[in-house]
Amino acid sequence: MKKFDVLLIRFLKYGTLFSTILLIGIVCFQIYARFLLDKAPSWTEELSRMVFIYTVSFAAGLAFRQGYFIQLDLWHSHLSARYSWVLDTLSTLITFVLFVLFLIYSIRFLMMGMAERSPGLAIPMFWSFGAMVLLGFSMTYFAFRNVLAHLRH
Amino acid sequence: MITAVLISFIAFLVLRFPIAFALGFSCLLYVFMAGLPLVVVPLKMYSGIDSFVLLSIPGFILAGNLMNHGGLTEKIVLFCNHLMGHIRGGMAMANVGACMLFAGITGTAVSETASIGSVMIPAMKKEGYDSGFACAVTASASTVGPIIPPSVPMIIAGTISGLSVGKLFLAGALPGTMLGIGMAGMAYFISVKKKYRTLPRSSFSQIMHGFKDTFCAVLMTFIILFGIIGGIFTPTEASIIAVIYALFVGLFIYKKITLKRLPVVILDSMKTSASLMLLVGFANLFGWILIAEQLPQRLSMEILDFSTNKYVVLLIINILLIFVGTFMETLAALLILFPILLKVAMAVGVEPIHFAIIAVLNLVIGLTTPPVGVCLFVASSIGKTSIMQVSKSGLPFLGVSLLVLTLVTLFPQISLFLPNLFIK
Numbered sequence: 000m001k002k003f004d005v006l007l008i009r010f011l012k013y014g015t016l017f018s019t020i021l022l023i024g025i026v027c028f029q030i031y032a033r034f035l036l037d038k039a040p041s042w043t044e045e046l047s048r049m050v051f052i053y054t055v056s057f058a059a060g061l062a063f064r065q066g067y068f069i070q071l072d073l074w075h076s077h078l079s080a081r082y083s084w085v086l087d088t089l090s091t092l093i094t095f096v097l098f099v100l101f102l103i104y105s106i107r108f109l110m111m112g113m114a115e116r117s118p119g120l121a122i123p124m125f126w127s128f129g130a131m132v133l134l135g136f137s138m139t140y141f142a143f144r145n146v147l148a149h150l151r152h
Numbered sequence: 000m001i002t003a004v005l006i007s008f009i010a011f012l013v014l015r016f017p018i019a020f021a022l023g024f025s026c027l028l029y030v031f032m033a034g035l036p037l038v039v040v041p042l043k044m045y046s047g048i049d050s051f052v053l054l055s056i057p058g059f060i061l062a063g064n065l066m067n068h069g070g071l072t073e074k075i076v077l078f079c080n081h082l083m084g085h086i087r088g089g090m091a092m093a094n095v096g097a098c099m100l101f102a103g104i105t106g107t108a109v110s111e112t113a114s115i116g117s118v119m120i121p122a123m124k125k126e127g128y129d130s131g132f133a134c135a136v137t138a139s140a141s142t143v144g145p146i147i148p149p150s151v152p153m154i155i156a157g158t159i160s161g162l163s164v165g166k167l168f169l170a171g172a173l174p175g176t177m178l179g180i181g182m183a184g185m186a187y188f189i190s191v192k193k194k195y196r197t198l199p200r201s202s203f204s205q206i207m208h209g210f211k212d213t214f215c216a217v218l219m220t221f222i223i224l225f226g227i228i229g230g231i232f233t234p235t236e237a238s239i240i241a242v243i244y245a246l247f248v249g250l251f252i253y254k255k256i257t258l259k260r261l262p263v264v265i266l267d268s269m270k271t272s273a274s275l276m277l278l279v280g281f282a283n284l285f286g287w288i289l290i291a292e293q294l295p296q297r298l299s300m301e302i303l304d305f306s307t308n309k310y311v312v313l314l315i316i317n318i319l320l321i322f323v324g325t326f327m328e329t330l331a332a333l334l335i336l337f338p339i340l341l342k343v344a345m346a347v348g349v350e351p352i353h354f355a356i357i358a359v360l361n362l363v364i365g366l367t368t369p370p371v372g373v374c375l376f377v378a379s380s381i382g383k384t385s386i387m388q389v390s391k392s393g394l395p396f397l398g399v400s401l402l403v404l405t406l407v408t409l410f411p412q413i414s415l416f417l418p419n420l421f422i423k
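So the protein lines, in turn, are chains R and D. Just so we're aligned, residue 0 is where the first sequence starts under numbering that gives the first Met the number 0, counting upward by one. Just so we're aligned, residue 0 is where the second sequence starts under numbering that gives the first Met the number 0, counting upward by one.
Heads up, a few of these hints could be off.
Unchecked claim - Restricting the straight-line Cα-Cα distance to at most 35 Å, the calculated cross-link-like pairs of lysine-lysine (DSBU-like) are:
hint, chain 1, residue 1, chain 2, residue 2
1, R, LYS12, D, LYS254
2, D, LYS383, D, LYS194
3, R, LYS2, D, LYS259
4, D, LYS193, R, LYS12
5, D, LYS259, R, LYS1
6, R, LYS12, D, LYS383
7, D, LYS193, D, LYS391
8, D, LYS309, D, LYS342
9, R, LYS12, D, LYS259
To be verified - Which stretches of chain D does chain R cover? Using the computed rule of at least three CB atoms under 8 Å from a CB of chain R, they are:
hint, stretch
10, 10 to 17
11, 126 to 135
12, 240 to 248
13, 262 to 275
The set of hints was computed from the structure by calculation and includes no laboratory data. These numbers come from a predicted model, not from an experiment. A virtual CB, placed ideally from N, CA and C, is assigned to each residue, including glycine.
Let the hints inform the model, and build the full structure from the sequences given.
Now the structure itself:
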């Protein structure tokens with residue numbers, strides 16, 4: 000499992016870096032085209048939105064793993080270690096359920112994209128909707144790892 | 000059914016769920032109960048983040064991080080100290096000034112508290128300032144960040160309401176400056192009263208040297224702002240230009256960023272952006288549910304039944320937003336409440352741009368409102384001071400924020416003057 004962790008994290012990191020650089024490149028090309036070419040291509044905005052959604056999907060799992068999501072800490076610090084553990088375990092379990100369902104239905108969403116084509120690039124939306132599956136998978140996996148870590152604790 | 004969703008959302012928040020997941024799970028419960036197809040969850044998440052304007056958020060976050068990693072925070076703090084250190088309470092005012100300058104680089108208050116606070120709070124403590132006061136000044140002054148452009152909450156407000164982000168950026172400039180000047184004035188007043196030490200006066204060449212060092216940061220704000228106002232760039236393009244500019248400054252002028260360090264900065268920025276975008280995605284689903292349940296109309300009718308007087312309605316909205324802002328993260332609160340309350344405000348004749356500034360101002364005030372203002376927590380952990388002490392020292396600054404809010408609410412021209420002047 001640790002080997003898979005390393006591979007997945009590396010994949011998500013490289014994915015995030017690559018998609019970010021691609022995103023910057025596309026927007027730069029859009030600016031360049033608008034000022035220096037006769038006509039700015041219509042596909043740049045569409046492609047940049049797609050790449051942006053992939054950037055978010057690649058980075059979301061990493062963000063979740065490292066606790067980037069903001070939470071409200073009203074009274075948690077006043078709880079005993081035992082109650083704190085119970086609440087945290089409950090929270091991680093529910094998060095896991097949320098993303099398992101998200102993953103399952105993001106696959107259905109992906110299938111919906113088979114029949115649709117993007118207006119500018121005319122590529123199947125399947126490719127773009129795939130970002131939701133990636134997001135669902137990485138979040139589910141790290142939520143699962145969280146549940147395991149809590150139960151072991 | 001909507002009551003169940005709202006109660007479950009609050010329950011999940013109290014149980015310390017991340018806000019995005021609390022939203023997601025309460026929406027999931029609604030979808031279950033309403034018998035809707037669950038595929039609506041990824042669909043609404045996708046459509047929520049499928050926006051070209053939203054793309055500017057990771058851009059501005061990355062540009063801010065690049066500048067920060069390039070050593071800009073220390074340079075801004077040093078310049079402000081050169082400029083104001085010799086005045087009584089000069090370091091406190093320099094803190095406010097640094098936050099105002101830094102506001103043009105980052106668009107969020109919490110990151111400002113962390114960046115400026117990590118340099119300024121220990122330095123102020125060393126010079127004999129009360130720890131609580133040092134933390135309170137930093138936390139309060141950082142709320143200027145989301146008001147002065149570029150501002151992440153303004154981008155969100157523009158995205159969900161269709162308002163021009165350029166106009167929103169301009170509309171925030173004057174209220175943000177007023178807030179900063181007010182904070183600096185209060186810091187001076189308290190410092191005189193407590194007889195805090197002064198620093199030796201800096202020479203003209205030191206000031207000029209400091210100015211030269213921070214000029215790049217100021218220039219970035221102007222490139223962004225005037226690029227958008229002049230119709231040269233869209234906000235998204237401006238954010239990418241800001242990234243390239245910050246990268247150039249970090250690599251070749253400040254020479255603090257190395258190519259080896261660059262992936263770390265990019266990854267950190269994208270993780271922060273992704274956590275915000277998941278919030279945006281789930282909030283899109285939440286908003287869709289609220290509309291399906293006709294909650295905006297119901298709330299609007301309730302408020303308008305109570306009064307149709309513009310100022311009474313704005314007072315009710317202000318109280319509601321400050322209360323919500325105290326307990327909830329700015330962007331989450333904005334995403335959920337702004338579209339609903341905008342309709343109410345427009346029904347009594349409030350300009351949408353004016354209302355957006357009021358809403359953002361209210362929510363950022365919540366960041367320093369005891370007992371759960373996030374900036375207070377960040378500052379108190381940097382200053383290793385109790386939250387009570389920081390909250391107590393922060394009360395006069397909270398008073399300044401409320402005064403500015405009142406002025407901005409009562410006089411729309413404060414927000415609308417610059418957008419009307421520059422954008423027709």
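We went through each hint and held it up to the structure:
1. A threshold of 35 Å between alpha carbons decides the hint, and for LYS12/R with LYS254/D the separation of about 25 Å falls inside it, so the pair holds.
2. Between LYS383/D and LYS194/D the alpha-carbon distance is near 23 Å, which keeps this suggested pair within the 35 Å criterion.
3. Our distance criterion of 35 Å between C-alpha atoms is met by LYS2/R and LYS259/D, whose separation comes to about 25 Å.
4. For the proposed pair LYS193/D and LYS12/R, the alpha carbon gap of about 51 Å is over 35 Å, so the pair is violated.
5. Proximity of LYS259/D to LYS1/R is assessed by CA-CA distance (about 26 Å); at most 35 Å being required, the pair is judged to hold.
6. The hinted pair formed by LYS12/R and LYS383/D meets the criterion: a straight-line CA distance of about 34 Å does not exceed 35 Å.
7. The hinted pair formed by LYS193/D and LYS391/D meets the criterion: a straight-line CA distance of about 15 Å does not exceed 35 Å.
8. Only pairs whose Cα atoms come within 35 Å are accepted, and LYS309/D paired with LYS342/D is accepted, the gap being roughly 13 Å.
9. Proposed proximity of LYS12/R and LYS259/D is supported: the alpha carbons are some 14 Å apart, at most 35 Å.
10. Remark: the stretch 10 to 17 of chain D is confirmed as covered by chain R, as 7 of its residues place a Cβ nearer than 8 Å to a Cβ of that chain, reaching the required three.
11. For the stretch 126 to 135 of chain D, the proposed coverage by chain R is not satisfied: 0 residues have a C-beta within less than 8 Å of a C-beta in that chain, short of the threshold of three.
12. Here's how the stretch 240 to 248 of chain D fares: 3 of its residues keep a CB closer than 8 Å to some CB of chain R, so the rule of at least three is met and the hint holds.
13. Coverage of a stretch by a chain is defined here by at least three residues with a beta carbon nearer than 8 Å to that chain's beta carbons; for the stretch 262 to 275 of chain D and chain R the count is 9, and the condition holds.
The structure does not agree with the numbered hints 4 and 11 stated previously, though it agrees with the rest.
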